[in-house]
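Participant: Whole structure, please, built from the sequences with the hints as guidance.
So the protein sequences, as listed, match chains U and A. No gaps in the numbering here: position 594 of the first sequence is 594 in my numbering, and each next residue is one more. No gaps in the numbering here: position 41 of the second sequence is 760 in my numbering, and each next residue is one more.
Please keep in mind that the hints were generated in silico from the structure rather than gathered at the bench. Beta carbons: idealized from backbone N, C-alpha and C, even for Gly.
Heads up, incomplete: computed chain A residues facing chain U, CB under 7 Å, no partners named:
no. : residue
1   : Pro742
2   : Arg745
3   : Ile747
4   : Met748
5   : Gly751
6   : Thr753
7   : Pro765
8   : Arg775
9   : Tyr777
10  : Gln778
11  : Leu779
12  : Thr780
13  : Leu781
14  : Arg782
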Amino acid sequence: MSIKIALAGNPNCGKTSLFNVLTGSNQYVGNWPGVTVEKKEGGLKGYEDVIIQDLPGIYSLSPYSPEEVVTRTYLVNQHPDAILNIIDGTNIERNLYLTTQLLDLGYPVVIAVNMMDLVRKNGDNIDIEKLSKAMGCPVVEISALKNEGIDAAVEKVVELAKNHTHGDAPHVFKGSVEHALAHIEESIENSVDKTYLRWYAIKLFERDEIVQQEVNLPADVMAHVEQHIRDCEAEMDDDAESIVADSRYSYISDVCSRAVKKSGEKHRVTLSGKIDKIVTNRVLALPIFAGVMFLMYAIAMGGYSFSIGTMGTDWANDVLFGQWVPTLFDSILTSLGVSGWLYGLVMDGIVAGVGAVLGFVPQILVLSFLLSILEDVGYMSRVAFIMDRILRKFGLSGKSIIPMLVATGCGVPGILASRTIEQENDRKITVMTTGFIPCGAKMPIIGLFAGAVFGNSPLVATSAFFIGVMAVVISGVILKKFKAFAGKPAPFVMELPEYHLPSARNVLRSTYDRGMDFVKRATTIVLLSSIVLWFLQGYGFVDGAFMAVEDPNVSLLAAIGKAIAWIFYPLGWAGEMAWKATIATFTGLIAKEQVVSTFGTLYNFAGELSEAGDEIWAMVAADFGPVRAYSFMIFQLLCAPCFAAMGAIRREMGNMKWTVGTIAYMCGFAYVISMIVYQLAGLMLGEATLSVFTFIAVAALIALIYLVCRKGYSPEDKK
Amino acid sequence: MKTLKDVKVGDTATVVKLHGEGPVRRRIMDMGITKRVEIKVRKVAPLGDPMELTVRGYQLTLRKADAEMIEVE
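Facilitator: Next up, the structure:
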């Protein structure tokens, strides 16, 4: 039987670095069941049959955040053989708080004091012997970054896991608290798993609702327990939760005053403090943030001489997927002598479709790389600190700004960047709204209509961006008021970790993971949808016979477009343009720039189309009035994103219900806004006539205003 | 009642009691803000909220609305 060792610790304690060192490339990454909390496990290098389970970085085993609940459930139900608890040596007091909770569970625990190189550099000293004695478990000094002491820590924890040896739990609770706990233990002895007697007693003392439900004590025992809690609360003149937290911290303070010698004065200004004097400075913070974001954007997606992301993508699109791959497949297929339809499927369907999406990989790799550096260094927490004030007004978190900004380049890394937002509700709203931001692939659509209908007015692109931002803001305000998001108030109580140099291993690992994730998606979901669309576009009924068709106007896709175009009638899509616009909407799901090339095909334009489709402007202008064109453009900007982005949404939401909900919300929102714009602006400008849809549009507008202004659901109206 | 929100930037205060209830309060305690602990207010974000504190030797940020729950002297 294999040995299971759980890796536990606070966020920012170097747990990820240590996990990477311990397991190397032998990792499995997934999600914990039911929540979008990342679950990582891997085989321990150099040992057979030892599995390391990386637990989420948490500050406490409280019953509130999904990370905390997942960790508790794992520890109580999965019975790891031992816990390796990593603590940050430069921040020992707060880190030991979690340690005292882990020790309550009665597992063999080894404390690994990380970042010892920094502790020594600061001139501080930690007395390992004293610490070990006070905590009742072995303590090892390590530095995950410098790879020091890790072998010793691993040997120790494996030994403990094999022998199931654990020391005496520290006497954290004193006097009347210990008295009450002992009484509770006595009353519940027969109702819970004895291994965790102390843990259950403490949790019941804290009136932890999850544990109360789990153990489900008989009413008389419950009343008895409650009486003990009340007595203790009365004696200590405080509530039970505070009593427990106070006891833990008092014990730790006492231990630290004996075991930890800090050099220098109490509030010395660290290097991080000095950096923060500039980075979160009242005047400089926002310009610096703007500069960092601009630089990141410029390197990954800009058009400058140092924009390596753009260069890579241009190369991938023009050379790799423009020439090499098609030529390669062409020669393979020709030499195999495959039939025409198979050739078409591979070349026009798969190679063209998947190639269009894979072309973004270089930009995504560069962006992920830069984002990982910002995360690893500790800048992201500062961003949240700076931006929180503005964004929380819209139901978003300070960190939501990063996904939004990244999404102006490409929505996929934007949505994936939402991973750094800890609060689940904030993260969900961010994922749901990030796709509204006009990404690079939507620019040709804007270019097409700006050129064809609006005389190339720069106002079109500006207004498009404005609409995207407003869609985010309005959605944030509306969604936040729904019960699903208002259920648990998300605390913004965040650590500002010390800045440190990025670790190459962590940054490359995270870049690789994000890049591979995108490639996987392109080779599955995009591959499948490309094949379906190729088929619908290339086949149709001619004179009652089903056959391959050259003219897209008679394809199955055209038939579908014509059959369902009426859905978009309230948006002003009528006459000849309606089915073309409908089809373009579908092809836009592969990648948004397909919308323009689809119009090219449907207007029977033969030859190479420029990016914004200059050649078909006259024909588009004949079909689209200004208001109709604008309604179509808004719909394209706001409706369901491309398949790759849907895949990203699926990943970040973690389940199908929320993924479908997000896409439905985006489509619905796009539909309503386009309808309001067409019906009301159209009426004023004479493009639409007064009809039943005018009144529906007015009603929709009123409903929207109501949703924005209403008070909203709040779990407990306190004030 | 003086709360953490009223402490000036650069000043240090000692926690007397935590008011309120629920997850935010618990989170504040988990992060080391308990009775008798010293808190130094380091700065306020550029837009006036949240605030940055030093507590138990590390940097913590907290919204002013939550800082109002912390009674200090």
